[in-house]
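Colleague: Take a look at the letters that make up each chain.
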Amino acid sequence: MSTIEAPRSSPTPARRSGVNWEKWGWIYMRASGVVLVVLIFGHLFINLMVGDGVKAIDFAFVAGKYATPFWQVWDLLMLWLALIHGANGMRTLVNDYASSPRLGGVLKGAIFASAAILIILGTLVIFTFDPCPAVPADQFSLLPSFCPPQ
Amino acid sequence: MAAATQTLTAADAFTITLIIRRFLPDVDDEARWESFDVSVYSTDRILDALHKIKWEQDGTLSFRRSCAHGICGSDAMRINGRNRLACKTLIKDLDITQPIYVEAIKGLPLEKDLIVDMEPFFEAFRAVKPFLIANSTPEAGKERTQSVAQRAIFDDTTKCILCAACTTSCPVFWTDGQYFGPAAIVNAHRFIFDSRDDAADVRLDILNDKEGVWRCRTTFNCTEACPRGIEVTKAIAEVKQAVLRGKR
Amino acid sequence: MTSPSSSAHEETKVIDGVHYHQYDVVIVGAGGAGMRAAIEAGPHARVGVISKLYPTRSHTGAAQGGMAAALANVEEDSWEWHTFDTVKGGDYLVDQDAAEILAKEAIDAVIDLENMGLPFNRTPEGKIDQRRFGGHTRDHGKAPVRRSCYAADRTGHMILQTLFQNCVKLGIEFYNEYYVLDLVMTEVDGVKRPSAVVAYELATGDLHVFQAKSIIFATGGFGKIYKTTSNAHTLTGDGVGILWRKGIPLEDMEFFQFHPTGLAGLGILLTEGARGEGAILRNASGERFMERYAPTIKDLAPRDIVARCMVQEVQEGRGAGPNKDYVYLDCTHLGAEVLETKLPDITEFARTYLGVDPVVEPVPVMPTAHYAMGGIPTNIKAEVLSNNDTVIPGLYAAGECACVSVHGSNRLGTNSLLDINVFGKRAGRYSVEYAKTAEFVPLPQDPAGPVRDMIESIRNAGGTERVSALRKELQEEMDRGAQVFRTDESLGQVTDTITKLREGYKNISIHDKGKRFNTDLLEAVELGFLLDLAEVVVYSARNRKESRGGHMRDDYPLRNDEDYMVHTMAYLTGDASSEHAGDHIKLDWKPVVITNYQPMERKY
Amino acid sequence: MSVAPAPRSAKKKSARPGGTLYRGNTGMWSWVLHRITGVAIFFFLLVHILDTALIRVSPEAYNAVIGTYKNPIMGLGEVGLVGAIIFHALNGLRIILIDFWGKGVKYQRLMFWIVVGVWVVLMAGFVPRHLINVFSEVGN
Ligand SMILES: Cc1cc2nc3c(=O)[nH]c(=O)nc-3n(C[C@H](O)[C@H](O)[C@H](O)COP(=O)(O)OP(=O)(O)OC[C@H]3O[C@@H](n4cnc5c(N)ncnc54)[C@H](O)[C@@H]3O)c2cc1C
Ligand code: HEM
Ligand code: SF4
Ligand code: F3S
Ligand code: FES
Chain A
1 MSTIEAPRSS PTPARRSGVN WEKWGWIYMR ASGVVLVVLI FGHLFINLMV GDGVKAIDFA
61 FVAGKYATPF WQVWDLLMLW LALIHGANGM RTLVNDYASS PRLGGVLKGA IFASAAILII
121 LGTLVIFTFD PCPAVPADQF SLLPSFCPPQ
Chain B
1 MAAATQTLTA ADAFTITLII RRFLPDVDDE ARWESFDVSV YSTDRILDAL HKIKWEQDGT
61 LSFRRSCAHG ICGSDAMRIN GRNRLACKTL IKDLDITQPI YVEAIKGLPL EKDLIVDMEP
121 FFEAFRAVKP FLIANSTPEA GKERTQSVAQ RAIFDDTTKC ILCAACTTSC PVFWTDGQYF
181 GPAAIVNAHR FIFDSRDDAA DVRLDILNDK EGVWRCRTTF NCTEACPRGI EVTKAIAEVK
241 QAVLRGKR
Chain C
1 MTSPSSSAHE ETKVIDGVHY HQYDVVIVGA GGAGMRAAIE AGPHARVGVI SKLYPTRSHT
61 GAAQGGMAAA LANVEEDSWE WHTFDTVKGG DYLVDQDAAE ILAKEAIDAV IDLENMGLPF
121 NRTPEGKIDQ RRFGGHTRDH GKAPVRRSCY AADRTGHMIL QTLFQNCVKL GIEFYNEYYV
181 LDLVMTEVDG VKRPSAVVAY ELATGDLHVF QAKSIIFATG GFGKIYKTTS NAHTLTGDGV
241 GILWRKGIPL EDMEFFQFHP TGLAGLGILL TEGARGEGAI LRNASGERFM ERYAPTIKDL
301 APRDIVARCM VQEVQEGRGA GPNKDYVYLD CTHLGAEVLE TKLPDITEFA RTYLGVDPVV
361 EPVPVMPTAH YAMGGIPTNI KAEVLSNNDT VIPGLYAAGE CACVSVHGSN RLGTNSLLDI
421 NVFGKRAGRY SVEYAKTAEF VPLPQDPAGP VRDMIESIRN AGGTERVSAL RKELQEEMDR
481 GAQVFRTDES LGQVTDTITK LREGYKNISI HDKGKRFNTD LLEAVELGFL LDLAEVVVYS
541 ARNRKESRGG HMRDDYPLRN DEDYMVHTMA YLTGDASSEH AGDHIKLDWK PVVITNYQPM
601 ERKY
Chain D
1 MSVAPAPRSA KKKSARPGGT LYRGNTGMWS WVLHRITGVA IFFFLLVHIL DTALIRVSPE
61 AYNAVIGTYK NPIMGLGEVG LVGAIIFHAL NGLRIILIDF WGKGVKYQRL MFWIVVGVWV
121 VLMAGFVPRH LINVFSEVGN
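Chains as they are written, first to last, in UniProt numbering: chain A, 1 to 150; chain B, 1 to 248; chain C, 1 to 604; chain D, 1 to 140.
There's no promise every hint is true.
[As the list claims (entries may be wrong)] Computed spacing ranges between beta-carbons, pair by pair:
no.	chain 1	residue 1	chain 2	residue 2	range
1	B	S35	C	G17	36 to 46 Å
2	A	W80	D	T68	38 to 48 Å
3	A	R30	D	W29	15 to 25 Å
To be clear, the hints were calculated from the coordinates, so they are not data collected in a lab.
Don't be surprised by glycine CBs; every beta carbon is placed ideally from N, CA and C.
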């Protein structure tokens with residue numbers, strides 16, 4: 001009684017445009033996954049395990065990290081890989097569960113938009129970040145220790 | 001003579017409870033559960049119990065069956081939450097202190113009681129070109145040769161009886177009836193890896209699709225459901241690899 | 001979505017709720033024989049295949065051991081030897097012209113299947129492998145020969161799948177889960193000619209009339225007249241029964257084969273291929289008793305002989321088990337390797353259904369009703385005969401439902417898969433040839449009328465008898481009185497029971513009054529066919545006062561060539577459902593075709 | 001009983017095919033978990049990027065938000081998050097092995113239990129330390 005349509009209601013396979021997104025999506029999930037293991041575990045380890053753990057995280061800590069190109073690249077990679085990985089994974093879910101193609105389209109649009117916006121935002125943050133911004137004097141102590149006195 | 005019968009495991013009959021998901025399209029608006037007590041031997045199969053109900057209690061109970069020994073693929077159904085063939089599920093292998101739940105396989109349109117519309121399933125099967133496509137013509141009156149090793153590569157997937165236990169155990173198929181499903185992939189595998197066949201590329205192309213192999217999320221329900229013991233997920237993995245790297 | 005599977009069904013007319021279709025060739029049954037015919041006919045004519053089961057559910061899929069053909073891939077062999085074995089195996093009741101065709105065309109039949117894609121087991125050189133099977137010998141009985149082409153112990157499964165795959169390839173039109181319940185005969189110039197078949201669509205309860213120039217029956221066997229049988233629940237002999245009711249005679253119905261090695265009590269088959277690979281039958285004391293009965297080929301003697309010996313062992317108190325009612329099939333010396341690779345399915349059957357592991361223990365076995373040698377009489381072109389030699393134009397039969405007769409009084413193992421391929425192909429070929437020149441025979445008024453009446457009378461019957469109870473009694477009675485050994489007395493008792501059951505059948509009622517998937521209704525219809533066929537089997541058996549092949553009369557233990565070297569032909573002369581068989585069955589004889597091999601004593 | 005049957009093609013009221021919950025095995029349940037954790041991580045990631053972006057706004061704003069990560073309730077949440085990430089990552093590796101390693105299919109069930117085992121070990125290393133960090137904050 002479930003009203004599912006016959007499989008592949010269109011007799012010819014749907015994909016006829018050049019790139020096979022399903023295949024590359026599948027490969028991407030695995031490739032990014034492997035890299036993400038390293039990136040995320042490293043990230044978690046540094047942020048939550050070393051020193052005082054989560055307690056130690058503050059502006060100074062983060063700014064300190066972003067002052068080095070190493071961590072910039074690290075986080076940038078993590079940002080891109082994880083968001084695309086996550087968004088593609090969410091797309092799979094929508095394909096599985098969306099009851100109508102229209103709903104699916106809307107949801108996939110939303111996923112794509114949020115991922116795109118956050119990737120742009122994150123990238124901008126990492127590249128335009130100034131570890132020693134001009135701050136009111138009372139907040140000077142929040143800055144990393146290497147900042148020149150203002 | 002021939003009545004060697006149950007003496008082999010001469011056990012006494014006992015009563016079990018079957019709770020069956022009924023749906024009679026002529027009278028019911030939707031499916032409902034109905035409970036039956038039936039007297040069986042421990043060597044009986046669920047199919048025997050269903051027959052006893054149909055023959056002795058309620059003739060309207062409807063299900064498909066033919067061979068009664070797991071070879072024709074008629075009677076895949078969900079028994080205690082898992083897809084099995086009723087004729088291959090022995091009472092003694094189930095926990096009979098609890099009622100046994102029996103319902104139709106999931107994801108295909110329910111027609112009546114344990115009967116579903118199999119057409120979408122066979123449609124997917126037909127779509128993968130499940131037949132030998134060979135470009136060469138063998139010497140008249142001679143077989144194509146094939147080594148024992150070449151034959152062994154696809155032996156597992158030749159065992160399929162198209163019972164649909166796998167496809168209807170697949171979570172991806174339930175939510176999205178468009179997925180080709182494991183059974184179709186198994187049957188494509190059977191030809192993709194047959195050394196006599198020349199159309200592997202065509203089938204790989206068909207399965208390298210939105211609804212093809214990439215939908216499989218390796219949940220292994222299919223492998224566990226297959227009454228023929230086919231390593232379905234493995235076959236799917238091999239097809240995925242073949243799409244990526246070409247056949248072998 | 002309705003059942004016809006290929007999308008390409010033409011628009012059909014619907015008149016008074018009955019659907020009308022037209023095809024050049026209509027094939028009833030999608031087992032091995034039906035689909036082989038479809039593949040042959042499909043490219044040359046409009047072909048429709050009607051089957052009460054999805055094609056891959058047909059019982060051909062249960063066949064295990066193999067398909068015979070003198071390919072000589074592993075050792076010297078010739079089709080003449082194969083012919084001889086077939087004739088001798090059938091206790092000389094085989095029509096030898098047909099047996100020659102069977103053995104000669106076997107080679108092409110196997111190659112055809114291979115070329116269609118069937119994954120046969122292979123020899124080290126990559127050719128089709130072959131193994132031994134009961135009754136197949138080299139040089140007229142000198143020693144067992146490797147003649148059976150096989151794919152593990154699922155040869156039938158592979159044949160069925162391969163044929164179905166090729167039907168898909170050819171785009172054959174199937175009507176699945178359509179029960180053919182009648183053959184329509186139209187009187188043209190005073191002669192009744194087949195014009196159509198009437199089918200009941202299980203999914204909807206609708207009736208369909210399929211008008212065709214050629215009609216092929218390939219509906220398989222009717223083992224369900226027995227209780228202990230290797231046959232499927234659906235093998236109720238509908239096709240044979242339909243033709244019987246239309247006045248077409250039935251040939252050699254008393255010859256029913258009992259396969260020696262059915263799982264004791266269950267009837268599930270363990271292939272003879274097991275013995276082909278070296279398994280041995282033993283009685284309770286572990287003795288290899290076949291050595292006593294058939295010193296040359298021992299356990300590989302033909303089935304009738306082995307089955308008889310087994311029953312004799314049990315009757316003489318040498319049976320095993322608590323009730324001493326079975327013998328053992330001992331595979332333990334074959335080793336796990338052979339069992340897992342060459343006999344995997346039967347190994348699993350024994351484990352699943354008896355909890356016995358053939359690798360370490362012998363398996364309890366007893367004969368099981370297996371194969372109908374008799375059936376619809378046909379000639380070597382698969383044309384149905386209305387008497388000893390009159391062909392009914394446009395009507396064909398092939399497979400287990402037909403009697404060519406290549407099996408005589410006892411079929412050799414692996415010869416049936418061969419039969420369905422050779423004569424299925426022939427049915428396809430000759431039916432197209434006929435359809436090319438023939439015109440449609442016009443339909444009579446309301447061709448579906450009789451079926452509608454039958455269905456409605458069963459649906460609305462207000463009796464008290466349950467179909468299942470009647471069927472059970474029939475099957476148990478047949479097991480008791482018409483099995484491996486029969487006597488006039490035992491057959492007489494069965495006759496009486498059938499008479500009683502016929503009365504009961506008039507007083508049935510069914511629970512399911514609905515239209516959709518009414519299997520309750522169909523079981524009642526099937527019981528009608530079972531009763532008719534059981535009656536013909538018993539009636540013919542009673543009349544043959546000799547022992548030959550699958551027909552072993554305790555009261556006439558010897559073969560009697562003088563009086564009985566002839567086929568039985570049973571004719572319906574009155575109302576098939578009238579009380580006494582004698583009222584409506586008349587028996588006649590048909591000569592056996594002998595070409596090369598004069599009847600001899602049958603020793604192995 | 002002889003109600004006129006609905007024509008076959010007519011759309012019937014959809015009783016969910018449902019019935020009982022399918023009783024899958026480790027393979028199915030690991031996938032369910034993988035899916036749930038994946039979605040959870042995704043939504044966390046959205047938030048996490050937004051809050052991290054605050055470093056671009058002002059140190060004060062960033063510290064204010066990140067401060068909430070340090071309260072005990074969020075601390076427990078982080079345990080959940082890290083648990084989810086570890087499971088997703090390990091099971092992700094298991095899936096990759098199933099896909100690319102010939103024997104992966106055969107050992108999938110064993111690998112699942114290894115995933116569980118490693119998860120327990122890693123969590124045992126992380127949780128106490130993290131909770132001490134989080135709760136020692138409360139004292140300050
Ligand atoms: C367990 C077992 C093992 C065997 N092993 C061997 C072996 O190793 N070697 C060998 O040579 N032989 C073997 N045989 C015998 C052989 O398999 C069968 O005789 C043969 O397969 C019969 O094929 P068929 O096409 O005639 O009938 P089937 O395959 O039985 O097909 C009958 C078809 O007719 C259809 N049908 C029936 N009634 C109707 C109706 N009323 N309306 C519409 N359709 C109808 C059915 O749906 C089915 O499609 C074995 C038999 C059994 C039972
Ligand atoms: C830590 C390393 C990670 C690894 C090794 C990993 C691995 C994988 C793999 C292999 C898949 C594919 C599963 C399949 O096809 O069945 C997958 C799916 C998914 N991943 Fe990850 N992943 C990681 C991190 C992440 C992160 C950070 C997110 C969130 C942003 C995420 C979200 C998802 C989602 C939503 C899916 C889809 C789940 C599904 O379809 O069932 N993953 N992951
Ligand atoms: S692969 Fe197994 S479960 Fe799936 S249809 Fe074939 S036999 Fe049935
Ligand atoms: S159940 Fe489905 S997800 Fe893949 S492993 Fe089997 S096809
Ligand atoms: S009845 Fe044939 S598989 Fe169960």
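Colleague: None of the hints should be skipped; say for each whether it holds.
Modeller: Here is what the structure says about each hint:
no. : hint                      : in the structure
1   : B:S35 - C:G17: 36 to 46 Å : 37 Å, holds
2   : A:W80 - D:T68: 38 to 48 Å : 26 Å, violated
3   : A:R30 - D:W29: 15 to 25 Å : 21 Å, holds
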